[in-house]
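So you can see what is in the structure, the chains are spelled out below.
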Amino acid sequence: MCGIVGLFLKNPQLEPQLGALLASMLGTMTDRGPDSAGFAVYGSAAEDLKLTLRGPSEAALRAGIAALAAATGRSFPVEMRDTHAVLSMPAEAEGEIRTWLRASAPGLDVVSAGRRMEIYKEVGLPAAVAARFDLAGMAGSHGIGHTRMATESAVTTDGAHPFSTGTDECLVHNGSLSNHNDLRRRLGRAGLSFSTQNDTEVAAGYLTWRMREGASLRQALEASLDDLDGFFTFVVGTETGFAVLRDPIACKPAVMAETDDYVAFGSEYRALVGLPGIAGATVFEPEPARVYVWERH
Amino acid sequence: MPSFDLRTAPLRELNRALHALRPDTNETRWLIGNPDGRHAVAVGLDAAVSVEIDGHVGYYCAGMNKRASVVVNGNAGVGVAENMISGFVHVRGDASQAAGATAHGGMLLIDGNAGARCGISMKGVDILVKGSIGHMSAFMAQAGTLTVLGDAGEALGDSLYEARLYVRGAVASLGADCVEKAMRDEHRAQVFAKLEAAGLAGEVDPGEFRRYGSARSLYHFHVDNAGAY
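Protein chains in written order, with UniProt numbering: chain A, 1 to 297; chain X, 1 to 229.
No wet-lab data here; the hints were simulated from the structure.
One or more hints might be untrue.
Below, in silico cross-link-like pairs of lysine to any residue (SDA-like), each with a Cα-Cα straight-line distance of 20 Å or less [unchecked claim]:
id	chain 1	residue 1	chain 2	residue 2
1	X	Lys181	X	Gly227
2	A	Lys10	A	Lys252
3	X	Lys130	A	Thr282
4	A	Lys252	X	Ala40
5	X	Lys130	X	Val71
6	X	Lys130	A	Phe284
7	X	Lys130	A	Leu183
8	X	Lys130	A	Val293
9	A	Lys252	X	Glu154
Stretch by stretch, here's where chain A covers chain X in the computed footprint (C-beta under 8 Å, at least three residues) [what the hints assert, rightly or not]:
id	stretch
10	31–43
11	173–179
Just so you know, even glycine gets a beta-carbon here, dropped at the ideal spot from N, CA and C.
Based on the sequences and whatever the hints tell you, model everything.
In structure tokens form, the structure reads like this:
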């Protein structure tokens, strides 16, 4: 069992409230996943690339970033949030910085990269995780959160969702995949690298690979119905898109609500109760094996 | 007339009060506000009272219901009226998966659509869905009727025993051992009776339904299969 929440705003006036709404939704889903929690927030577009790093502690993270700056001769704006830090840098510096981090700072992980997306995740109760990173204070156009009850891999921050395997791309998952080992090998041959043994990271990598090959978000998800074996409800974010897909036998729960102002996802309706105008929303269950995509232009 | 606002009164207090009702109670009409998707609202009732819930409910609403009439002015989550014994449960919106699962008796009326596995393992309940039902509905259904004004999803009636399935719209596919059967007068009369119980007498023509039932080739012991045991 896991909990998923997602919110995609159609009305920009709600953007300052995105984090607060998402934090409340996430807290409600504690019953479904008390092991760890995480969330992705798509804020305003930066000129530069935002790299979200995670360290074992705030002090270790600060030290690592100082060493990174010294070693690369670069200085970048840093926004600290507990064990995570968002570094802004020119997109062309990403490769160099990732290489240095891998070689010289094994305790520091790159959680996400994007012009708009930032990902935060930690072990602990969802409300505590949201508070540590001040999710309630974040603004944005869309966000996705996850509360985890671990089944396929250990309760570690590495196993927490969302998973990101491409710029501004993230995926959260309720369920378990049974062909992830085989698919991980195949995707490895296609040039993708994975940092965990987690099944969900493979699903994220699969969509990244499909979209890199030219598929749209919708096409990538439609293809996943043939290539992924297992139980899943996925919620996917891209720089401008928000998508939902359930496996063909709908093993895992999903409820959605749509108004003129937003589209919202919850593993249970309870997660959606606090949203503005929910009483007048169209509330429905996404159908099995049907891809739902919303795009912002 | 007792009323409960579930944002201020604990759910357990409500269910405890409902369970404490005596057969001769004068408190026969209960109003429940702000269910907010909570699970197990009005479960295990055993009194001839009516309970009206204003909003969406979570899992297992009106589960194990006996004699009571429960109306949900909203959508219902997984397993509404599961294992109902008798009484009447009415969902004015949509129902999620496994609506009426294992229910022995009474009537479950759903104004909207029902999700997958509607009537799974039903044992005598009458379920009527005004919209459509999802895949694997009436899986291993043993007795009772499932009447659907809309369409049915994949694998309807898989491993069916003796329940009768009436569908007005399209059936995506039939499950193992489920076959279409002739609609005779007795069946049209039965559909009419269920429509009447749902307040639809005269509005829907029983002649528009098709009947599905068990081919009975799966659940009888067959000596040719003896080696498999």
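Quiz item: Are the Cα positions of Lys252 (chain A) and Glu154 (chain X) separated by 20 Å at most?
Solution: 18 Å, holds
Practice problem: Establish whether the coverage given for the stretch 173–179 of chain X by chain A is satisfied; the threshold is a Cβ-Cβ distance below 8 Å, and no fewer than three residues must meet it. | Solution: Not satisfied, violated; 0 residues make the cut.
Self-check item: Check of the stretch 31–43 of chain X against chain A for coverage (Cβ-Cβ below 8 Å, three residues minimum)
Solution: holds (count 3)
Quiz item: Between Lys130 (chain X) and Phe284 (chain A), is the straight-line Cα distance small enough, at 20 Å or below?
Solution: Between Lys130 (chain X) and Phe284 (chain A) the Cα gap is close to 16 Å, so the pair holds against 20 Å.
Exercise. Assess, step by step, whether the Cα of Lys130 (chain X) is no farther than 20 Å from the Cα of Thr282 (chain A), and give holds or violated.
Key: 18 Å, holds
Exercise. Starting from Lys130 (chain X), check that the Cα of Val71 (chain X) is at most 20 Å away, please.
Key: 15 Å, holds
Quiz item: Has the given pair, Lys130 (chain X) with Leu183 (chain A), been kept, meaning a C-alpha gap of at most 20 Å?
Solution: Since the Cα atoms of Lys130 (chain X) and Leu183 (chain A) sit roughly 43 Å apart, the hinted pair is violated (cutoff 20 Å).
Quiz item: Between Lys130 (chain X) and Val293 (chain A), does the CA-CA distance stay at or below 20 Å?
Solution: 28 Å, violated
Quiz item: Do the alpha carbons of Lys181 (chain X) and Gly227 (chain X) lie within 20 Å of each other, as the hint requires?
Solution: Not satisfied, since the Cα-Cα distance of roughly 31 Å exceeds 20 Å.
Quiz item: Within a Cα-Cα threshold of 20 Å, do Lys252 (chain A) and Ala40 (chain X) meet the stated pairing?
Solution: 19 Å, holds
Practice problem: Mind checking the alpha carbons of Lys10 (chain A) and Lys252 (chain A) for me, to see if they're no more than 20 Å apart? | Solution: 26 Å, violated
Violation of the numbered hints given earlier is confined to hints 1, 2, 7, 8, 11; the remaining hints are satisfied by the structure.
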